[in-house]
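Protein chains in written order, with the numbering used here: chain A, 11 to 124; chain B, 4 to 116.
Calculated directly from the structure, the hints in this document are not laboratory data. Certain hints may be false.
What the hints assert, rightly or not - No farther apart than 27 Å at their CA atoms in a straight line, the calculated lysine-lysine pairs in the DSSO-like style are these:
(1) LYS70/B to LYS65/A
(2) LYS13/A to LYS45/B
(3) LYS67/A to LYS45/B
(4) LYS23/A to LYS67/A
(5) LYS45/B to LYS28/A
(6) LYS81/A to LYS45/B
(7) LYS45/B to LYS23/A
(8) LYS73/B to LYS5/B
(9) LYS67/A to LYS13/A
(10) LYS65/A to LYS73/B
(11) LYS5/B to LYS67/A
(12) LYS45/B to LYS80/A
(13) LYS65/A to LYS80/A
(14) LYS80/A to LYS63/A
(15) LYS81/A to LYS13/A
(16) LYS70/B to LYS5/B
(17) LYS80/A to LYS67/A
Stated by the list, open to error - What follows is a list of derived Cβ distance ranges for each label pair:
(18) TYR42/B to ASP38/A: 24 to 34 Å
(19) LYS45/B to PHE105/A: 20 to 30 Å
(20) ARG19/A to PRO17/B: 14 to 24 Å
The beta carbon of each residue, even a glycine, is placed where N, CA and C say it ideally should be.
Chain residues, written in single-letter form:
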Amino acid sequence: DVKVTQSSRYLVKRTGEKVFLECVQDMDHENMFWYRQDPGLGLRLIYFSYDVKMKEKGDIPEGYSVSREKKERFSLILESASTNQTSMYLCASSFGGAGANVLTFGAGSRLTVL
Amino acid sequence: QKEVEQDPGPLSVPEGAIVSLNCTYSNSAFQYFMWYRQYSRKGPELLMYTYSSGNKEDGRFTAQVDKSSKYISLFIRDSQPSDSATYLCAMSSFSGSARQLTFGSGTQLTVLP
Chain A
11 DVKVTQSSRY
21 LVKRTGEKVF
31 LECVQDMDHE
41 NMFWYRQDPG
51 LGLRLIYFSY
61 DVKMKEKGDI
71 PEGYSVSREK
81 KERFSLILES
91 ASTNQTSMYL
101 CASSFGGAGA
111 NVLTFGAGSR
121 LTVL
Chain B
4 QKEVEQDPGP
14 LSVPEGAIVS
24 LNCTYSNSAF
34 QYFMWYRQYS
44 RKGPELLMYT
54 YSSGNKEDGR
64 FTAQVDKSSK
74 YISLFIRDSQ
84 PSDSATYLCA
94 MSSFSGSARQ
104 LTFGSGTQLT
114 VLP
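So that you can see chain B by itself, here it is in the shape it has in the complex (with noise of 0.2 Å):
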């Protein structure tokens, strides 16, 4: 099993829809959670960062954890096709020098217009 799964779509949702993009894991010490945004070519991006439970919110984007469930989601509402990428959860724990980010496996997304 892996440590975090993330299912890997393909998701198409039509430009306005509010998406609903989750991970799961196992490792309990995970306290920092983060989620990046790669379009086509191009290498990963921060787009939102939390540190244990709660949501934080950044416009159209939400990012949620919920540690009792080890479950995180990424909410983006009134999408737009610009918002057509690959979404990558990632998370670590804080433990000396082994801080690390495990990835998940990334969901693709296309917003139609």
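So here's chain A without its partners, still in its complex pose (with noise of 0.2 Å):
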């Protein structure tokens, strides 16, 4: 019954590295969305997609690009980590049109940058 699925549950990267993350739903979701969560912030959106090939940035996008090629798969790109990128990557989906955003997230990707 998995609905967003993260490719990635743990990576560990060296500094300097590409790094890239995956994500795709199989709900037919118009919007996309890549966050990052770390102790005492709470989750802070990195850049989100309200269609195919359409990017928006979010709060936090430097050093980060995405990629969304198709309806369902959502990328996140680094295009050199840092250790300063050591989080937990979430990605989420949500309908478009009226109403409230309600987001549909995946277990999340544990990225670790030595």
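Could you use the hints to bring the two separately framed chains together as a complex?
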């Protein structure tokens, strides 16, 4: 019954490496989001997308990029990983249209950058 | 000042207790209010969702919104050890494409058997 799937649950990378985090949803949602979650800071929005090939910056986009080539898939890219990007990364999706932006989250990807 | 403030806890209660979790906010444009529950090493899952002011009940859970005070609450009756999790409040306005959620930092709850 998994609806939002994050391909990697745990990753360990070295400083300077390129990192891809992939997310797939099977609910035909228009909106997809990438958050990072850190103790005491809560969830912070990195990027979001309202449509295929469309992306918008969230609150903390620096050091990240995203790709959405298909409606169901939203990738987060760290071009050159740094130790301050060690975090839990959460992908989420939601329907478009009017009303609340109720998110369905994936299980998260815990990234450690050494 | 953060847009949404939430006491991080941790909060420990005995099984069967009534739990009250709260958030305050500063943006009067918020109209949609949610509570998410996050178990350890899992993603958040939607628990309750309310629109504007008022109460909403779902089993042992009650969500309250007081827009005049900019204050929302989640009550858990007859708390169970399975309720042990981090609870995140979230809220949004409705303003075109900017319907992003603003989250509180979460309250960690432990219900002791």
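Each hint, compared with the structure:
Pair hint LYS70/B plus LYS65/A does not hold up; C-alpha atoms about 32 Å apart against a cutoff of 27 Å. Between the alpha carbons of LYS13/A and LYS45/B the distance comes to roughly 14 Å, so the proposed pair stays at or under 27 Å and holds. For the hint pairing LYS67/A with LYS45/B, the CA-to-CA distance comes to about 25 Å; that is within 27 Å, so the pair holds. Of the pairs offered as hints, the one joining LYS23/A and LYS67/A holds, with about 24 Å between alpha carbons and a cut-off of 27 Å not exceeded.
Simply put, LYS45/B and LYS28/A have alpha-carbon atoms about 25 Å apart, close enough for the 27 Å limit, and the pair holds. Between LYS81/A and LYS45/B the alpha-carbon distance is near 24 Å, which keeps this suggested pair within the 27 Å criterion. Proposed proximity of LYS45/B and LYS23/A is supported: the alpha carbons are some 21 Å apart, at most 27 Å. A hinted pair counts as satisfied when its Cα atoms are at most 27 Å apart, and LYS73/B with LYS5/B qualifies at roughly 13 Å.
At roughly 24 Å between alpha-carbon atoms, LYS67/A and LYS13/A fall within 27 Å of each other, so this suggested pair holds. In summary, the hint linking LYS65/A to LYS73/B is not supported, as the alpha carbons are separated by about 31 Å, beyond the 27 Å threshold. As the CA atoms of LYS5/B and LYS67/A are separated by approximately 20 Å, the hinted pair is consistent with the 27 Å bound. Of the pairs offered as hints, the one joining LYS45/B and LYS80/A holds, with about 25 Å between alpha carbons and a cut-off of 27 Å not exceeded.
Pair hint LYS65/A plus LYS80/A holds up; C-alpha atoms about 12 Å apart against a cutoff of 27 Å. With a C-alpha separation of about 8 Å, the suggested pair LYS80/A and LYS63/A falls inside the 27 Å cut-off, and the hint holds. Note on LYS81/A and LYS13/A: the hinted pairing holds, with a Cα-Cα distance of about 14 Å set against a maximum of 27 Å. The hinted pair formed by LYS70/B and LYS5/B meets the criterion: a straight-line CA distance of about 17 Å does not exceed 27 Å.
For the hint pairing LYS80/A with LYS67/A, the CA-to-CA distance comes to about 19 Å; that is within 27 Å, so the pair holds. Take TYR42/B and ASP38/A: their Cβ atoms lie about 26 Å apart, and the range 24 to 34 Å holds. Take LYS45/B and PHE105/A: their Cβ atoms lie about 22 Å apart, and the range 20 to 30 Å holds. Range check, ARG19/A to PRO17/B: Cβ separation about 33 Å, and the 14 to 24 Å hint is violated.
In this structure, the earlier hints numbered 1, 10, 20 are contradicted, and the remaining ones agree with it.
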